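*Asks:* The lines below spell out each chain.
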Amino acid sequence: MGAIPVEHGLILAGILFSLGLIGVLTRRNIVFVLMSLEVMLNACGLAFIVAGSRWEQADGQIMFLLILTLAAAEVAVGLSLIIQMYRRFQTVDINVLSELKG
Amino acid sequence: MLDLIWLLPTFPLLGFLILALTEGKLARGPAGWIGAGSVGLSFAVAALVAVSFLQSGIESHTVPIWTWMSVAGFDPGVNLYLDGLSLVMILVITGVGFLIHVYSTGYMADDPDFSRFFCYMNLFVFAMLLLVLGDNLLLLYLGWEGVGLCSYLLIGFWYDDPYNGYAARKAFVVTRVGDTAMAIGLFLLFAQLGTLNIQEMLHAAEAEWPIGSTLPAITALLLLGGAVGKSAQLPLQTWLPDAMAGPTPISALIHAATMVTAGVYLIARTHTLFELAPDIQLLVAWVGLITLLMAGFTAMTQNDIKRILAYSTVSQIGYMFLGLGVGAWSGAIFHLMTHAFFKALLFLGAGAVILSLHHEQDIFRMGAKRKQLPVGFLCFLIGGLALTAFPYTSGYFSKDEILIAALEVEGQGLWLWLGGVIGAFFTGIYTFRLFFVVFFGESRGHHDAIEVKGLNIAVPLFILMALSLFGGWIPVPLDAVFSHGAEHEEHHISAFMHGVMIALPLIGIGISYLFYGSGTFSVEKLMSLPASRALHRFWDSGWGMDRLYDLLFVNPFLYLARVNAKDIVDAFYDMLAAISRAGHLLIVRTQTGYLRWYALSMAAGLVALIAVGVLL
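Chains as they are written, first to last, in my numbering: chain E, 1201 to 1302; chain P, 279 to 894.
One-sided excerpt, in silico: chain E residues whose CB lies under 10 Å from chain P:
hint, residue
1, Leu1225
2, Asn1295
3, Lys1301
The calculated label-pair distances, taken between Cβ atoms and stated as ranges, are:
hint, chain 1, residue 1, chain 2, residue 2, range
4, E, Ser1280, P, Val847, 55 to 61 Å
5, E, Ile1249, P, Gly891, 21 to 27 Å
6, P, Val847, E, Leu1225, 48 to 54 Å
7, P, Ser858, E, Asp1259, 44 to 50 Å
8, P, Ser858, E, Arg1287, 39 to 45 Å
9, E, Leu1266, P, Ser858, 42 to 48 Å
10, E, Thr1226, P, Ser858, 34 to 40 Å
11, E, Ile1211, P, Arg867, 33 to 39 Å
Simulated from the structure, these hints should not be mistaken for lab results. Being a predicted model, the structure only gives us computed values, none of them experimental. A virtual CB, placed ideally from N, CA and C, is assigned to each residue, including glycine.
Sequences are here, hints too, so could you generate the full structure?
*Replies:* As structure tokens, then:
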């Protein structure tokens, strides 16, 4: 079984990251924004793992564990904020929250 | 003993400090004792100094106190310089000043700001002594501005009335015009001669500058500018009549006896410069002559007792300038001294009259007051005679000296003399117009006036009466100071000329009697002519000088101020503010409040940065 070339892994990570970013930018529903953020984080994690296997170092996987933990914490905080938002504004449309415009 | 002159300015300064630091909490008794006593002590010191100075026979004596500053060869000291000229000045300032202080303790007795009054008065005496004792022009200038400040403070002493504040500001601003010229003159002298010490400077000027060259002419002209401002001569004389808004003792001390003669002192002190610039010296004479005539005309038309005396002061200082201009240095200083006596007497007498008549100043609402106010009557009789140079009163000797010296000037001497004599004629008219209207005729108001009593008012008046009568016999020790003027010692004047000089003032008194005393001539008949009414109005307004200055300076300035109310210079800074405001408005539009827009901006920025990094 031939090894998957590094480029493929990185391209996949790039595509995932772009998809996540597009999701963040285009989605109005804040839950989907949060999900897209998760996709971006995981794209980063994938890039770390690919790089780790390319250099045959364990650091990439350790970084992925770190990102996973961070993502879990972020989701916890993010979801609780979303609940607060929903309670207060009765909506999950992020465009409604634009009171800070200059 | 001569080294004691440092005490002279010290006493009034201490008096000022005590009165200023107690903030008027001192009772009237101690405040009056401190105020008058400090000047009295100064006078005692001055008398001691005078005795030992005259006995020692030296020409001058310098008492260094300390070095004011020392910067790159410029080291003016606070040094006191005593010679015949400053001796006469300190005796006049402390002597007449002391009498006026004593008088003030009576005159101002009911004033709520009694202590503040003496505080300013002491500061004034201090500054004036510094002015005449300073051995360098910088110290002289310090005293010069000091007396200007005190003059301002005291004219506006009753600051509740806005008019008094206006008069004070006017005096301050108008004299400032002259002071600016004088300051430039000092700069020029220092730049050219490298010293501000008066004696060194005069020697250097004599050695370096030929007679009639440009530099002495310019410096003399600039110093003359300062002198005409302080001494209320043409063209800066307009402030003095308004300065009468202050309390009457102030008018006597500052605006008759001492401060306004500072200009005369300045020119006499720097007389060497003026001798190097004969044209400017002649200009001094003409300034004096024209001023004395103009002020004489105006004095004949005024109705306010103090304004008459004010114009008379302007006129008499005109005589001093005439004397300076024709080289009668000691004559001018002699007239300064006698004028201090009789004009202080007249002002203090006027103060007594005003106080007795409940602050009435219009002479046409007085009349027939000689019975009710015998002391005031005596004041005006003696002061008036001295002012009109009645033979053997003090004014006679000094005015004589000036007029005879004027006659000896080549070329224009006869004109200067004639103008001076005509001025003396008008002096007779206006002085005795005041005298007859106030003390003779029928009573036109204040029928039950009672003369103010009190030794502190009467005693100074009687001393000044004696000085006005006999002050002409006082020998002034000025020969050593003005040794250049030795050729004026011998006077050759025909008996006819002398007769004219004595007779014209007497004729003036006679005319005044015929109009206001006996009523032989009627003023109403004279005033019924339109021409004389117009002339009266013109003279009454002080030859329209105030109107002229309003037209030339005040109104254009006010116009400019109105036009430029929004300062042109501000436009630049307003523009800076507008630009940054516009930039702010531009950037604030990017702040939409949409989270997604911010995320997009960040991503786009990041992409752009990475792109730049990769491509370069």
